[in-house]
Amino acid sequence: MPKGAVLRKFLFIIIPAAIAVSVIYAFSDSRSGYLNKNVTTGDVTVFFGTEISGGRAHLWSDKVSGVLYADTDKSIDNGFTKDVSSLRFTGKKANGLFETVVSLPKADDEVSETLPEAIKESGKKYYEMCSTCHAAAEPNRYAKHRWDGILKSMQQHGGISDSDLSVIRRYVILSITN
Amino acid sequence: MKNSISRRELLRMAAAASLFSAFPAGQAMADDTEQLINHATHFGPVMAHVKNGKLISTEPHPAIGADSAMMRSLADYVNSPNRIKAPCVRKSFLEGRKQTELRGVEEFVEVSWEMALDLAAEKLKEAKQNWGNESIFRTSFAGWSHAGAINRPNTLQGRFLGLFGGFTDTISDYSAGASSQLLPYVLGSMEVYSKQTSYEMIAANTKTIVLWGMDPLKSFRIDSAVPDFTKNKWYRRFKKLGIKYICVDPVYNDTARELGAEWISVRPGTDTAMILGMCYYLYTSGKYSKSFIDSCTVGFDMFLKYLLGKDDGVAKTPEWASKICGIPTNRIISLTETLRSDTTLIGTLYGPQRIEHGEQFHWSLITLASMLGNVGKPGSGINFGGGLLGISGKMPRRISQGRNPARTIIPASRMGEMLMNPGRTIDFNGMKITYPDVKLIYNMGANSMTHHQDINALLAGIRKVETMITHEIVWTPWAKHSDIVFPETTTFEKNDIGFSIVNNVTYLWAMKQVLKPMYEAKDDYWVLIQLAKRLGFEHKFTTGKTGMEWVKWSYEGTENKVPFEHFWNIGYIKLTQKPNDKQFIRFEDFVQNPKSNPLFTPSGKIEIHSEKISSYGYGDCAGHPTWYEPKEWLGGAMAKKHRFHLLSLHPKNRLHSQMDNLPLADEYKVNGREPVVIHPSDAKQLGISDGDTVEVFNDRGAIICGAVLSKRVMRNVVRVDEGAWYAPEKPGVPGTRCISGNPNVLTSDKPTSRLAQACSAHSCLVSLRKLTEKIKPNTAYENPVIVKSKL
Chain A
1 MPKGAVLRKF LFIIIPAAIA VSVIYAFSDS RSGYLNKNVT TGDVTVFFGT EISGGRAHLW
61 SDKVSGVLYA DTDKSIDNGF TKDVSSLRFT GKKANGLFET VVSLPKADDE VSETLPEAIK
121 ESGKKYYEMC STCHAAAEPN RYAKHRWDGI LKSMQQHGGI SDSDLSVIRR YVILSITN
Chain B
1001 MKNSISRREL LRMAAAASLF SAFPAGQAMA DDTEQLINHA THFGPVMAHV KNGKLISTEP
1061 HPAIGADSAM MRSLADYVNS PNRIKAPCVR KSFLEGRKQT ELRGVEEFVE VSWEMALDLA
1121 AEKLKEAKQN WGNESIFRTS FAGWSHAGAI NRPNTLQGRF LGLFGGFTDT ISDYSAGASS
1181 QLLPYVLGSM EVYSKQTSYE MIAANTKTIV LWGMDPLKSF RIDSAVPDFT KNKWYRRFKK
1241 LGIKYICVDP VYNDTARELG AEWISVRPGT DTAMILGMCY YLYTSGKYSK SFIDSCTVGF
1301 DMFLKYLLGK DDGVAKTPEW ASKICGIPTN RIISLTETLR SDTTLIGTLY GPQRIEHGEQ
1361 FHWSLITLAS MLGNVGKPGS GINFGGGLLG ISGKMPRRIS QGRNPARTII PASRMGEMLM
1421 NPGRTIDFNG MKITYPDVKL IYNMGANSMT HHQDINALLA GIRKVETMIT HEIVWTPWAK
1481 HSDIVFPETT TFEKNDIGFS IVNNVTYLWA MKQVLKPMYE AKDDYWVLIQ LAKRLGFEHK
1541 FTTGKTGMEW VKWSYEGTEN KVPFEHFWNI GYIKLTQKPN DKQFIRFEDF VQNPKSNPLF
1601 TPSGKIEIHS EKISSYGYGD CAGHPTWYEP KEWLGGAMAK KHRFHLLSLH PKNRLHSQMD
1661 NLPLADEYKV NGREPVVIHP SDAKQLGISD GDTVEVFNDR GAIICGAVLS KRVMRNVVRV
1721 DEGAWYAPEK PGVPGTRCIS GNPNVLTSDK PTSRLAQACS AHSCLVSLRK LTEKIKPNTA
1781 YENPVIVKSK L
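Chains as they are written, first to last, in my numbering: chain A, 1 to 178; chain B, 1001 to 1791.
Note that these hints are calculated values from the structure, not bench results.
Check the hints yourself; a few may be wrong.
Below are the DSS-like pairs computed for lysine-lysine, each with C-alpha atoms no more than 25 Å apart in a straight line [claimed, not checked]:
#, chain 1, residue 1, chain 2, residue 2
1, B, Lys1233, B, Lys1582
2, B, Lys1533, B, Lys1561
3, B, Lys1788, A, Lys63
4, A, Lys37, A, Lys144
5, B, Lys1582, A, Lys152
6, B, Lys1533, A, Lys152
7, B, Lys1394, A, Lys125
8, A, Lys144, B, Lys1595
9, B, Lys1631, B, Lys1641
10, B, Lys1640, B, Lys1595
11, A, Lys124, B, Lys1578
12, B, Lys1540, A, Lys120
13, A, Lys93, A, Lys63
14, A, Lys124, B, Lys1394
15, B, Lys1552, A, Lys125
16, A, Lys124, B, Lys1631
17, B, Lys1641, A, Lys152
18, A, Lys144, A, Lys124
19, B, Lys1750, B, Lys1631
20, A, Lys125, B, Lys1545
21, B, Lys1711, B, Lys1652
22, B, Lys1711, A, Lys125
23, B, Lys1711, B, Lys1239
24, B, Lys1533, B, Lys1125
25, A, Lys152, B, Lys1578
26, B, Lys1207, B, Lys1218
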């Protein structure tokens, strides 16, 4: 084989491979972590605080309600879809839920390396809105179901809108570590 | 005293108000003609008469059509001879000697603002550096000293100390500490502060209201916001509509008397036993609602074992209950029959739960209401707290405290115990809490020497504290026991925004500054800015806003279409109640469909038995409503030594200790001291006559009161209202008598239980004796000696 042909063949293989590797590297490196804002793609919205890996969120659906749970214990909603039929399922199934994978469009500023970093802004909202009459309780002080009752009753006291309450609730629940 | 305003007068005042409102407050301060200025307080909204920059008098605001002696005493409040005129420092403290035993004894030195601020900043830094931020404790938790949205001392202080790195804070409160910790397990919310069935629905459906330890016409004369007296009007309207009242209380209270209630005089602290007897009757007679229990509750079987005596061999029969609570068995049964009607509403506030094992009161009442099956119906069921804070819709914004990095907390009523026992670990609501070693107490907008139980123990506790900083308007007992005292402006000396609430916001009030700060007094906000400047976080504290900019920011949070300037000019805005609010029925959704509208309890239902509470294994708070014999009650062994049960109820003509020092107090004080109300038969046995000077005492201390004889208290029960300023007979001597009659010298700081660790002030036994010897006049309202200085 002529020398030039070998070189062309080498370049033909190596250059695309190098590009592919660098793209994959860049893509995967920047796309693992936690969403720091709600991200909508097609019919699906994935909520802030959701862990993503390789640009994809692994969620669980009952194939009926449109709610996308973080796990099969339904510990927290991590997303919602208007069209369940548009979801791609992995085949995994547990507790009546089906695993689905949602690919998210690239946006580096939507991903934080750690969960505390990802929910920092919502934390500000919590401490801003929930410490006007009394001190804001640390999230670990109460269990999740207790927080639901507290937040619901405090929504009235604090005049908190539904959308703000949703952000605050998510911050509190995601912050519970024990 | 004038009790009502004529329509003509109302119109005149309204016209004058609107005329004046076009003028800026600053102009009124300089004007020698009398001006009327709009303001609002915890006692109600008022029109302030100002002349030559001085507050002459106050009148109830014409918009609300209600009156009270307190609303007309606010000029006395502002012009009180007890006003703190300049920054002061306790003499020994200023000289670098702690000598904490001299607090409340020695003189103060008047110093410049610069010096007082420098010293306070230095002491804050010292505490932080030497002992950590958790060594700083704030006493201001509730916000009862200022009705505005912006200048609330507790929030300003929380914000300031949070930015400083944190502080030891309190959780829960003195008012409803037991119930607010328990009820989330049982009903999924604190309930006592939740929105309740609307007054409109009660008016349309209820035939009988049971006032269970509740005196609404007194309690609703003040408000954590600005009272508009709607609630008081409703209770009077119910009477006109023919609704019958029953008062279950050791005291035939003011509401009961005015509304002609039937009185069922229950022995103090025994309500739970009485309720259990009623539950037993319902069950054994087959008259309980099995369908409600099955569909809306969990744990009834566990409770039933206890009720029937399967566990302890004691059936909680009406006869058993009668022996404890003192109410005849047939009356317990007939009241239960009345409650079976679905037109009977059980209303209660917080007093009956401020006892040992106070958690059991609301829990047993909910169980009774569940067995009656009346929860969630329009005219019946339970009504806890009168919907004190039930709000929906847009309120004025309030300044946030932000995050407290120190995270150390103690239950609100544990201050004395904490000070005496640093390092002690206690149970609290499923957690363990370890008391910090407090070295600095920062007090704003509170007078703990009045509302805290067992004052002698508290006095011993504060002697261990290195520094006590206080912002105060007048020389309260707490201010007198402080080291650094900053003179604070009254509400009338600053601008703010207030609001009234009844299920929703009913009024927005322009709390206009009506006079310049008196003497050298400054706003809390200003003082904290000066300290923040010295400590390096001024901008974070203010975000660049002036006080008036915060007020405007607050108003904009309401999203009202009226521009701020116009609102400020007209003085107030009345808001229309939403139709939905008028039709609201507490728990209606849940009862109609418990599966779709579950409560936020672990089971989603009313938890008559709580697995969670049971799992804590507390011997003083089991998993279901239980009668625990208190240490101090009339049926116990201690009653042989101290035969009277003391009730320290909230006063009618003050807000805790606020206004105790005013001429208004002359209307009810006896020989210048707090009254002790005694049943005439008891008084006769002790040889006490109306107006006699009486010592009330127990093992914790003694107070001097003036006797008032009345059949409106039960036999063996005495009443000394909370709020009299503490005045030691021998200042500085531990255990000395209080010659002013402050009942919290006598009350116990024992907690309700390991669950809530709440205040149990109403579990208190005392003895009485008539005094014939000469007693020192009440010194509570004397200012400390103040030495002028050039510092």
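Verification of the supplied hints:
Among the hinted pairs, B/Lys1233 with B/Lys1582 is consistent with the structure: their alpha-carbon atoms are about 15 Å apart, no more than 25 Å. For the hint linking B/Lys1533 to B/Lys1561, the alpha-carbon distance of about 37 Å lies beyond 25 Å, and the restraint is violated. Annotation: proposed proximity of B/Lys1788 to A/Lys63 is violated, straight-line Cα distance about 80 Å (limit 25 Å). Simply put, A/Lys37 and A/Lys144 have alpha-carbon atoms about 22 Å apart, close enough for the 25 Å limit, and the pair holds.
Distance check on the hinted pair: B/Lys1582 and A/Lys152 sit about 20 Å apart at the alpha-carbon level, within 25 Å; holds. Note on B/Lys1533 and A/Lys152: the hinted pairing is violated, with a Cα-Cα distance of about 38 Å set against a maximum of 25 Å. Straight-line distance between C-alpha atoms of B/Lys1394 and A/Lys125 comes to about 17 Å, which keeps the hinted pair within the 25 Å bound. Between A/Lys144 and B/Lys1595 the CA atoms are separated by roughly 19 Å; this keeps the pair inside 25 Å, and the hint holds.
Taking the CA atoms of B/Lys1631 and B/Lys1641, the gap is about 12 Å. The hint holds against a cut of 25 Å. For the proposed pair B/Lys1640 and B/Lys1595, the alpha carbon gap of about 52 Å is over 25 Å, so the pair is violated. Between A/Lys124 and B/Lys1578 the alpha-carbon distance is near 32 Å, which puts this suggested pair outside the 25 Å criterion. Distance restraint check for B/Lys1540 and A/Lys120: the Cα-Cα separation of roughly 18 Å lies within the 25 Å cut-off, and the hinted pair is therefore satisfied.
Of the supplied pair hints, the one linking A/Lys93 and A/Lys63 holds, its CA atoms being roughly 11 Å apart against a limit of 25 Å. Note on A/Lys124 and B/Lys1394: the hinted pairing holds, with a Cα-Cα distance of about 20 Å set against a maximum of 25 Å. Straight-line distance between C-alpha atoms of B/Lys1552 and A/Lys125 comes to about 20 Å, which keeps the hinted pair within the 25 Å bound. Distance restraint check for A/Lys124 and B/Lys1631: the Cα-Cα separation of roughly 46 Å exceeds the 25 Å cut-off, and the hinted pair is therefore not satisfied.
Restraint check: the Cα-Cα separation between B/Lys1641 and A/Lys152 comes to about 48 Å, which exceeds 25 Å; the hinted pair is violated. A threshold of 25 Å between alpha carbons decides the hint, and for A/Lys144 with A/Lys124 the separation of about 20 Å falls inside it, so the pair holds. For the suggested pair B/Lys1750 and B/Lys1631, the alpha carbons sit about 10 Å apart, so the restraint of at most 25 Å is met. Proposed proximity of A/Lys125 and B/Lys1545 is supported: the alpha carbons are some 19 Å apart, at most 25 Å.
For the hint pairing B/Lys1711 with B/Lys1652, the CA-to-CA distance comes to about 18 Å; that is within 25 Å, so the pair holds. Among the hinted pairs, B/Lys1711 with A/Lys125 is inconsistent with the structure: their alpha-carbon atoms are about 55 Å apart, more than 25 Å. Note on B/Lys1711 and B/Lys1239: the hinted pairing holds, with a Cα-Cα distance of about 23 Å set against a maximum of 25 Å. Taking the CA atoms of B/Lys1533 and B/Lys1125, the gap is about 13 Å. The hint holds against a cut of 25 Å.
Between A/Lys152 and B/Lys1578, the direct Cα distance comes to roughly 20 Å. Compliance with the 25 Å bound is thereby established for this hinted pair. Distance restraint check for B/Lys1207 and B/Lys1218: the Cα-Cα separation of roughly 22 Å lies within the 25 Å cut-off, and the hinted pair is therefore satisfied.
Violated hints for the displayed structure, listed by number in ascending order: 2, 3, 6, 10, 11, 16, 17 and 22.
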